[in-house]
Amino acid sequence: MSHQDRILPGILLMLGFCIIAPLIDVASKLAAQAVPVGTVTLGRYVAQLLLMVPIVALLGHPWGMSRRALALTFARAAVSVLSTYSFVAAVQHMPIADALAIAFVEPFVILFIGRFVMHEEVGPRRIAASVVGFIGALFVIQPSFAVFGVVALYPLGTAVGFALYILLTRALSRHMHPVPMNLHTAWAAIVILIPILALGGQFDIGQVRFETPEGIFWLWCFCVGLASTVSHMSMSYALKYAPSSTLAPLHYFEMLTATLFGYLVFGDFPNALTWVGIGIITASGLYIIHRERLAAKARAARG
1 MSHQDRILPG ILLMLGFCII APLIDVASKL AAQAVPVGTV TLGRYVAQLL LMVPIVALLG
61 HPWGMSRRAL ALTFARAAVS VLSTYSFVAA VQHMPIADAL AIAFVEPFVI LFIGRFVMHE
121 EVGPRRIAAS VVGFIGALFV IQPSFAVFGV VALYPLGTAV GFALYILLTR ALSRHMHPVP
181 MNLHTAWAAI VILIPILALG GQFDIGQVRF ETPEGIFWLW CFCVGLASTV SHMSMSYALK
241 YAPSSTLAPL HYFEMLTATL FGYLVFGDFP NALTWVGIGI ITASGLYIIH RERLAAKARA
301 ARG
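Quick note on my numbering: the sequence shown kicks off at 1 and runs consecutively.
No incorrect hints appear here.
SDA-like, lysine to any residue: derived pairs with alpha carbons at most 25 Å apart:
1) 240 with 75
2) 240 with 7
3) 297 with 171
4) 240 with 230
5) 240 with 65
6) 297 with 116
7) 297 with 241
8) 240 with 66
9) 240 with 55
10) 297 with 11
11) 240 with 295
12) 240 with 64
13) 240 with 173
14) 297 with 287
15) 297 with 243
16) 240 with 50
17) 297 with 8
18) 240 with 292
19) 240 with 290
20) 240 with 8
21) 297 with 167
22) 297 with 128
23) 240 with 175
24) 240 with 298
25) 240 with 16
26) 240 with 289
27) 240 with 71
28) 297 with 283
29) 240 with 10
30) 240 with 18
No wet-lab data here; the hints were simulated from the structure.
Note that this is a predicted model, so its numbers are computed, not measured.
With the hints as extra help, turn the sequences into a complete structure.
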């Protein structure tokens, strides 16, 4: 398959991710109506593990890993748990579109981590676009904070967690194929979560505990893991076929599908101020992607 022929499957798989990923949020919101957030989070990784074991076996991927890969896997699992718990805790009370809009400051977080932690070269235009993006997030957070209180800040935890998750995924991809990566992240997350939920139950810490789901809520908890596994596999293979610079702008399509599902299932629809914030975040993110492309071309020309 030629490079050009591979672009279209990559785009279609990325669009598939944008359609399936909001179903994680829908299932999480449905499950969290009667199940603690910690249990929903654990359910995601248990389902992911059960789904990934036969896939890894069928595709014949190796099960082992190096010590370096093991350390990165646990780090990736830890930030994934942070990201997942924060978002489930948010959508338990907030509209999905509002929570996702705030979480979409993640590209700006990656940029700041690159600039101030990893000391990467980041120009003033991209820094300015990041500041504008955060201002857009405030348009969403301000009315949400007035209605939901501190819950409106949970998606920021998702943004930070997912930004670190992306950076760790890039590092881990040098040591491991994406398919076993998802398997190992699932069991590592379970290992991390079990003692945390046990302590949460022991000391009766609100949503940080395990409680056996009942009835239809078993299905919703499983669907969180199912949608997570399918969507992230779709994204992994999309990145295999097409460059990230081509796929990154498509990620903002998820904002529209999340709004649609939130409206169809829960009757939630963003208000005018939230739409302004979504517009600012999207425009800033697309500008950063554009500047990243230019910077990549400049680096290639120098190299």
